[in-house]
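S.K.: Chain by chain, the residues run as shown.
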Amino acid sequence: MNDQQRYTRRDFMRLAGVGGLVFASGLPGCAEFGQAGSGKQDFTFVQLSDVHWGYANPKVNPEASGTLKRAVAAVNALEQKPDFVVFTGDLTQTTDDAKVRRQRLREFKEQAAALAVPKVWFFQGEHDASLDRGEAYQEVIGGPLYYTFDHKGVHFIVLDNTSDPAPILGERQIEWLKADLARLAPDAPIVVLTHRPLFALYPQWDWATRDGQAAIQALMPYRNVTVFYGHIHHENHYVTGHIGHHAAMAVMFPLSPVGTAPQKTQLPWNPAQPYQGLGWRSVAASSAGAAPTISERTLAKS
Amino acid sequence: MRRLAVQIAATAAICGVAGYLVAPLAIGDPAPRRIRIVAAKFAFDKREIRVRKGEAVTLQLSSPDFVHGFSIPDLDARIDLVPGRTVELALKPQRVGRFGFLCDNFCGEGHDRMTGVLVVEE
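Protein chains in written order, with our numbering: chain D, 788 to 1089; chain A, 37 to 158.
Just so you know, not all the hints are guaranteed correct.
Okay, the calculated bits of chain A under chain D, using three or more residues with CB under 8 Å as the criterion [what the hints assert, rightly or not]:
hint	stretch
1	97-110
2	141-151
Taking lysine to aspartate or glutamate pairs in the EDC-like style, the calculated list, with each CA pair at most 20 Å apart, reads [stated by the list, open to error]:
hint	chain 1	residue 1	chain 2	residue 2
3	A	K77	D	D919
4	D	K1051	A	D148
5	D	K846	A	E84
6	D	K1051	A	E124
7	D	K846	A	E145
8	A	K77	D	E926
9	A	K77	D	D883
10	A	K82	A	E124
11	D	K1051	A	E145
Calculated directly from the structure, the hints in this document are not laboratory data. Even for Gly, the Cβ is constructed at its ideal location relative to N, Cα and C.
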């Protein structure tokens, strides 16, 4: 097996031996979810990504003003309530107008407040933060641009690769990451949340973090690491060494996967299958070994 | 002498971005052809750049409004465009093909439109 491999949905299902929406586990970098262990704690969280509030192109999404509400309603309808929701960047569609940027962030925040979950975590994408280095984001949404939190024995690390116009983490953040990791045991369950892929998925379409390899190298000594990100607006699974990287579908509009179009392309709305390609995911995690089980959820009508 | 200095500088520049598709200039090579490119929100003034395989060229890049990036990922070549300055990127492509370039610093609403193609011909 190569050091770095891309996994298709079919691969994941085959490896997991399941069909339907739930798959993953049994992959490099994933210990078995729910394995025996004293005091282990299992929980679920939801990843919502690329809401792009303010986006307007009816050929791609004629229901743009209602799509976030639809996603919120779907999360709220989950039978098993998630412990938290995390928005993995691009909360809003970019604008060169700083006032409009703030207005869009406020409107996004109001709608996200309808999530009936104990906690919602946010961080920024380049559409929210690159033009002012996160000033409007921090003013409206609040909080630092990169941070950590612990939940039921799992260490979550939020990395910022979007508040600089260049797609970078920067030396200061990488040193901060190394210092944070230094206090963890090698088998600590770690989940990294970021917007852009840390690896060079496809730099030709700006799908990379220029210095992301430094973060991956810092994470390599840790056995139970999984990365969840957005930015590319479709589901993608990739492994660097033993670390799994999982891109989520977008809430607002899908982008063509690599190799399916000559240019990065927003996929047109399909009236026969509204919301096709749009969605979110639920993740089951555990303190027993950071073995996420991913359930991809579509916004399309079933 | 000046020509030699330019070639040495170009060689140094290209070594900094050397990928499998570019090769360093050698002393004695003809002076690189210069190609001026202006990047402004939200387009490059040249959407297509044509060069010959093995031809040494120097891209002279400038921007009036933003630190745009100019990147040709397939050649592992990139540079930041600092407003008010002209920066140079030396290339000597070794393979025929069409290689996309883009602004890889997020610059605003039309960022995704800032693309073009380097065409390398026999």
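S.K.: Now, for every hint given, state plainly whether the structure supports it.
M.R.: Against the structure, the hints come out as follows:
For the stretch 97-110 of chain A, the proposed coverage by chain D is satisfied: 6 residues have a C-beta within less than 8 Å of a C-beta in that chain, meeting the threshold of three. Coverage of the stretch 141-151 of chain A by chain D holds [criterion: at least 3 residues with CB-CB distance below 8 Å; count 8]. The straight-line distance between the Cα atoms of K77 of chain A and D919 of chain D is roughly 16 Å, inside the 20 Å bound, and the hint therefore holds. Simply put, K1051 of chain D and D148 of chain A have alpha-carbon atoms about 8 Å apart, close enough for the 20 Å limit, and the pair holds.
Taken as a hint, the K846 of chain D and E84 of chain A pair is broken in the structure, with Cα atoms around 28 Å apart against an allowance of 20 Å. With a CA separation close to 27 Å, the supplied pair K1051 of chain D and E124 of chain A exceeds the 20 Å bound. The straight-line distance between the Cα atoms of K846 of chain D and E145 of chain A is roughly 18 Å, inside the 20 Å bound, and the hint therefore holds. With a C-alpha separation of about 26 Å, the suggested pairing of K77 of chain A with E926 of chain D is violated against the 20 Å cut-off.
For the hint pairing K77 of chain A with D883 of chain D, the CA-to-CA distance comes to about 11 Å; that is within 20 Å, so the pair holds. Taking the CA atoms of K82 of chain A and E124 of chain A, the gap is near 16 Å; set against the 20 Å cutoff, the hint holds. Distance restraint check for K1051 of chain D and E145 of chain A: the Cα-Cα separation of roughly 15 Å lies within the 20 Å cut-off, and the hinted pair is therefore satisfied.
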